[in-house]
Amino acid sequence: MLPFKQSGWYETHNFNYSGDVFTSRLSTQVKFKNKLSFQCRYNFTGAQSNAQSYSAAMHYIDLGASKIC
Numbered sequence: 001m002l003p004f005k006q007s008g009w010y011e012t013h014n015f016n017y018s019g020d021v022f023t024s025r026l027s028t029q030v031k032f033k034n035k036l037s038f039q040c041r042y043n044f045t046g047a048q049s050n051a052q053s054y055s056a057a058m059h060y061i062d063l064g065a066s067k068i069c
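Residue 22 in my numbering sits at position 22 of the sequence shown, with consecutive numbering throughout.
Accuracy of the hints is not assured; some may be wrong.
FRET-style restraints, in silico, Cβ to Cβ [what the hints assert, rightly or not]: (1) G8 <-> K33: 13 to 21 Å; (2) F15 <-> L36: 37 to 45 Å; (3) L63 <-> Y17: 33 to 41 Å; (4) W9 <-> C40: 21 to 29 Å; (5) S27 <-> I68: 16 to 24 Å; (6) L26 <-> S66: 32 to 40 Å; (7) S55 <-> R25: 14 to 22 Å; (8) Q29 <-> Q52: 37 to 45 Å; (9) A65 <-> F44: 20 to 28 Å; (10) Q39 <-> F15: 38 to 46 Å; (11) G64 <-> Y10: 58 to 66 Å; (12) Y54 <-> N14: 33 to 41 Å; (13) Y60 <-> D20: 16 to 24 Å; (14) K33 <-> A57: 15 to 23 Å.
Here are the simulated BS3-like pairs of lysine-lysine, each with C-alpha atoms no more than 27 Å apart in a straight line [to be verified]: (15) K31 <-> K67; (16) K33 <-> K67; (17) K35 <-> K67.
Source of the hints: derived by calculation from the structure; they are not laboratory data.
A virtual CB, placed ideally from N, CA and C, is assigned to each residue, including glycine.
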């Protein structure tokens with residue numbers, strides 16, 4: 001978890017906020033005897049909100065393949 005703090009005032013509005021963000025990553029690599037290799041990485045960032053905005057959770061995957069000649 002990554003804690004963060006935000007502070008500020010505008011006229012009579014208090015925009016102070018503190019919160020946490022959860023992130024994770026999972027990686028794997030598979031090598032075959034015929035010199036092929038596959039890689040996969042899954043990334044996750046949890047939902048975030050502060051005094052001005054909200055961001056939904058993000059999931060994304062990176063894929064790769066290679067062959068040694």
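Now the hints, each set against the structure:
1. G8 <-> K33: 13 to 21 Å: violated, 59 Å
2. F15 <-> L36: 37 to 45 Å: violated, 53 Å
3. L63 <-> Y17: 33 to 41 Å: holds, 36 Å
4. W9 <-> C40: 21 to 29 Å: violated, 46 Å
5. S27 <-> I68: 16 to 24 Å: Holds - the Cβ-Cβ distance for S27 and I68, about 20 Å, lies within 16 to 24 Å.
6. L26 <-> S66: 32 to 40 Å: Between L26 and S66, where Cβ atoms are some 20 Å apart, the hint is violated.
7. S55 <-> R25: 14 to 22 Å: holds, 18 Å
8. Q29 <-> Q52: 37 to 45 Å: Since Q29 and Q52 have Cβ atoms about 40 Å apart, the given range 37 to 45 Å holds.
9. A65 <-> F44: 20 to 28 Å: holds, 23 Å
10. Q39 <-> F15: 38 to 46 Å: holds, 42 Å
11. G64 <-> Y10: 58 to 66 Å: violated, 46 Å
12. Y54 <-> N14: 33 to 41 Å: Since the Cβ atoms of Y54 and N14 sit about 18 Å apart, the hinted range of 33 to 41 Å is violated.
13. Y60 <-> D20: 16 to 24 Å: holds, 21 Å
14. K33 <-> A57: 15 to 23 Å: violated, 39 Å
15. K31 <-> K67: holds, 10 Å
16. K33 <-> K67: Measuring from Cα to Cα gives roughly 11 Å; hence the hint holds.
17. K35 <-> K67: Distance ~6 Å between K35 and K67 Cα, so the pair holds.
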